[in-house]
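Single-letter residue listing:
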Amino acid sequence: MQTKDINEQIKWAQINKDVLTSLENPRMAYWVAVGICVAMIACAVVAEVYQYQMGIGVAALDWPQMWGLYIGTFIFWIGMSHSGTLLSAILHIVHADWRKPIYRFAEAMTTFSLMTAGLFPLIHLGRIWNLYWVLPYASDRGVWPNFRSPLAWDCFAIFTYLTSSALFLYIGMIPDLAICRDNAKGWRKKLYTVLSLGWAGTDRQWRHFRKTYLLMACFLIPLAVSVHSIVSSDFAMSIMPGWHVTTFPPYFVAGALYSGCAAIITLFIILRYFFRFEEYMTIPILEKTCKLTFVIAMAWSYLNLIEFSSVWYGHNEVDKELLLNKFTGAYSPYFWAMLFFGSVLPFTLAFEKLRRHLPTMFVVSLLLNVGMWLERWMIVSPTLSLSYEPFAWSVQWPSIVQWAIVFGSFGWFGLLFLVFVKVFPSVSMYEVKEMVYHRRRANVESKAHEFGRRSSDPQAATGLPGT
Amino acid sequence: MSKHHIIGLFSDFEQAFSAIAEIRDGKIPGVSVDDVILKSPIEHPEIEEVLGERSSHVPKFTLMGAIFGITFGFLFLASAEATFLVQPQGGKPVIPLPSNIVLTYEMLILFGVLFTLISFLVSARMFFKRDNLYSEKVSLDQIGVRLAVDEKNAQALKGLFQQHKAVEIREEVVR
Amino acid sequence: MSFKNILGDWAHYRRGREEGGFHNYEHKWGMAVDLNKCIGCNACSIACYAENNLAVVGPERFAKHQAMHWMRIERYWDEPDLEGEIPASQYQEQGASFLPMMCQNCMSATCEPVCPVAATYHTPDGLNAQVYNRCIGSRYCSNNCPYRLRYFNFWSYYESSWPAPLHMQLNPDLTVRDKGVMEKCTFCVQRIRVAKDKAKMEDRKVIDGEFNTACQQTCPTGAIVFGDLMNPESQVSKMWATHQVELGKTEQTKQNPQMRGYRVFEDLNTDPKVLYLERVREV
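Note that the protein sequences, when read in sequence, are chains Y, L and F.
Heads up: the first sequence begins at 1 in my numbering, then just goes up one per residue.
Heads up: the second sequence begins at 1 in my numbering, then just goes up one per residue.
Heads up: the third sequence begins at 1 in my numbering, then just goes up one per residue.
Incorrect hints may have been included.
[Stated by the list, open to error] Straight-line distance between alpha carbons at most 25 Å, and here's what the computed BS3-like set of lysine-lysine pairs gives:
hint	chain 1	residue 1	chain 2	residue 2
1	Y	K4	Y	K190
2	Y	K189	Y	K422
3	F	K249	L	K92
4	Y	K17	Y	K353
5	L	K165	Y	K11
6	Y	K190	Y	K422
Source of the hints: derived by calculation from the structure; they are not laboratory data.
Modelling step: build the complete structure from the supplied sequences, incorporating the hints.
Structure (structure tokens):
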């Protein structure tokens with residue numbers, strides 16, 4: 001049973017070879033996956049065109065349920081994007097080097113889930129063609145967006161986050177793109193030559209690179225926290241019972257980290273299987289990711305409990321009634337499912353035997369994300385169905401149009417990700433080389449120390465890079 | 001006087017370091033360690049022990065970017081909000097603090113990131129043409145030590161490299 | 001967009017907060033609805049449909065809660081007594097009550113700050129204005145209204161609701177809204193404008209009772225009273241004063257508890273401008 005995060009005897013040349021193999025011409029399974037994603041996107045496009053022509057009424061939204069799955073799924077996708085930041089930036093700052101083989105696809109996941117989330121504000125608007133009014137541009141009308149509105153804050157925050165994440169992903173990829181450039185032919189060589197910006201691996205470049213990467217990581221962490229807090233303020237800054245809750249910013253951020261980590265586990269298992277990355281995406285690293293997910297799941301469960309307790313403890317009738325309604329009312333099956341998937345199921349991550357069993361982890365991670373998606377829906381709909389005004393109490397279920405668009409968004413994400421893994425290296429080659437090098441040196445030094453020799457002693461040297 | 005550009009490729013950092021250490025100790029007259037360019041597949045901060053301290057100006061630009069983000073962000077937003085004198089809303093002030101805190105914070109981060117990025121591209125000279133002595137092996141698993149020396153020192157330098165078990169030595173003569 | 005605005009008027013901004021805006025208000029249009037007089041006939045609702053070009057959506061869409069009525073009559077029943085003395089009933093005398101709800105034009109409206117494109121704001125007349133042209137249909141304002149008084153055009157009605165020659169009935173004083181736009185009661189702002197313009201041309205102030213809203217005009221029992229709360233002589237101001245209800249408070253202190261005036265959800269700090277006079281019941 002493997003206990004080391006990575007086999008430090010791997011040669012650097014082998015790392016290059018293994019990862020570059022993943023960029024070769026794809027097999028049939030890949031094209032089938034692409035076809036499925038395109039079909040899903042087609043469903044969503046048809047539904048959206050229908051909605052555009054006929055009006056939002058086809059989504060079975062009504063008075064008072066003015067928001068539905070679109071907003072819920074929007075928040076779900078923004079949430080999923082946080083794990084890339086967690087893995088890349090936070091774990092980088094604390095020097096957790098087990099992140100090195102897996103952070104590349106996690107960051108890609110961040111960028112693509114943001115691009116998917118960005119579609120939903122368009123889709124849910126009544127007059128999509130005027131969306132650009134939310135941007136602060138020099139308008140002839142002399143009217144600017146309303147900066148008091150949390151939706152305008154969303155616009156700024158998501159733009160900043162998407163730009164920063166994409167740049168972070170790109171900058172981190174430059175040394176890898178140089179490796180690809182050196183080994184590619186044809187259109188790929190041209191692409192990588194342009195994208196790698198003339199990277200030559202000089203010490204000057206590495207010096208600046210190290211500083212830049214660290215500084216960007218330092219920016220990205222507070223940015224990720226603030227973005228999801230701002231998205232939560234769509235609800236927290238409103239007056240509705242069940243939404244006007246001060247724990248929403250940390251609750252949403254915890255939920256975001258949770259769903260992102262679960263998605264990392266899913267993609268980890270998929271990439272490991274299809275690209276045969278067993279040497280790099282090892283079981284111990286998966287275990288560490290599962291443990292991290294478990295911790296975040298417990299934090300999320302705690303924040304849930306706190307919200308329930310503080311509503312129960314306070315004497316606000318409206319909030320209390322809403323809470324009871326969530327547990328016993330029309331939406332209660334989904335609410336209980338959310339609690340089960342979100343708080344009970346993560347206990348499978350606490351057992352080593354289960355953590356090491358890949359099919360179980362695959363299914364569990366998918367179900368965890370289902371739970372988190374349900375959580376977003378259960379924030380939106382119950383409050384709108386049971387708010388202050390009794391005459392407006394009603395239950396409404398989404399129509400096929402909403403389901404089709406939500407379904408298609410997964411296809412869009414999948415397509416972006418599939419294109420990414422075939423054009424760009426989904427494992428960071430230079431970081432894995434660093435990981436291997438440092439672990440080997442640490443090994444050598446500890447062995448030398450054991451035998452009372454200096455580590456530069458040729459006899460103590462057990463394999464240096466390149467040999 | 002012609003310049004000989006020589007790059008020696010080593011199979012590990014130890015040998016490259018000892019070669020550079022000898023150059024630093026002045027084994028080749030007229031060549032200082034500041035002229036040495038090290039090329040490697042991974043970063044290696046310990047290189048500064050032999051190569052000498054070289055600083056990076058990127059953090060200064062980050063700070064500039066953050067400060068610019070705060071000031072520009074706040075002024076831009078406040079002036080935009082100030083045009084809304086005719087449109088008060090919900091009893092909230094025209095330049096509300098919570099909105100401005102949130103948005104200025106985002107602008108801080110946005111401009112901090114952009115300035116950092118630009119300073120990186122400029123400091124690392126990213127858009128310049130790669131020099132001809134680039135070897136693909138550097139991106140694979142070898143470490144290159146590159147110098148430009150006069151004709152008289154070229155042979156001595158090559159000898160030094162070979163002494164430290166260089167895997168390959170390339171030379172380019174520029175007149 | 002100038003620094004002059006920021007620097008010059010900073011004190012004005014901060015001070016103006018208490019008043020729910022920064023205007024020197026010319027009027028504060030408000031209403032008083034006497035629930036004792038209301039018989040739930042829905043004539044006011046229909047008058048609003050006629051006056052404001054509201055679309056009749058049809059029975060299926062009405063059942064799906066996609067109706068466009070700006071004025072709605074809510075029906076509530078007292079809970080039937082367990083001993084069976086007070087039976088469940090449709091009759092007002094026996095525990096049923098009607099509550100006509102229209103946009104309360106709150107002085108601290110919760111719907112105003114959340115629109116991303118500033119399509120709703122507070123006018124110098126004290127009205128909450130909805131700018132149809134600017135609305136992009138994000139529906140946050142409707143979600144943030146605790147009274148749920150904002151209605152959204154889920155469909156495009158102008159083709160189906162008024163087939164020729166019914167389109168001749170449309171009120172030319174205001175637009176017909178297309179799909180994707182939010183709308184709500186405006187206290188018949190088109191009538192307010194006409195009255196104000198007339199008064200200005202004649203170089204006088206608007207007289208109380210000179211014009212009325214469509215709902216007030218149609219109500220057979222005279223349950224709805226509309227007027228200017230800034231004019232102490234107007235009927236509506238007198239009603240507010242009699243029932244000891246004031247603007248700008250979240251809880252009224254009444255010397256005489258038998259004064260039956262109240263505002264809906266005023267403890268949410270929305271500062272609504274509609275006074276409801278509680279129905280007198282048999283003891």
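Exercise for the section: Mind checking the alpha carbons of K249 (chain F) and K92 (chain L) for me, to see if they're no more than 25 Å apart? Expected result: Holds - the C-alpha atoms of K92 (chain L) and K249 (chain F) are around 16 Å apart, at most 25 Å.
Practice task
Mind checking the alpha carbons of K190 (chain Y) and K422 (chain Y) for me, to see if they're no more than 25 Å apart?
Solution key: 16 Å, holds
Practice task
Mind checking the alpha carbons of K165 (chain L) and K11 (chain Y) for me, to see if they're no more than 25 Å apart?
Solution key: Holds - the C-alpha atoms of K11 (chain Y) and K165 (chain L) are around 19 Å apart, at most 25 Å.
Practice task
Take a quick look at whether K17 (chain Y) and K353 (chain Y) sit within 25 Å of each other, Cα to Cα.
Solution key: Not OK: K17 (chain Y) and K353 (chain Y) at ~32 Å, beyond 25 Å, violated.
Handout entry: Hint consistency between K4 (chain Y) and K190 (chain Y) [alpha-carbon to alpha-carbon, up to 25 Å]
Key = Outside the cut-off at roughly 38 Å; violated.
Practice task
Compare the distance between the alpha carbons of K189 (chain Y) and K422 (chain Y) with 25 Å, and conclude whether the hinted pair is satisfied.
Solution key: 14 Å, holds
The structure fails hints 1 and 4 (numbered hints given earlier, in ascending order).
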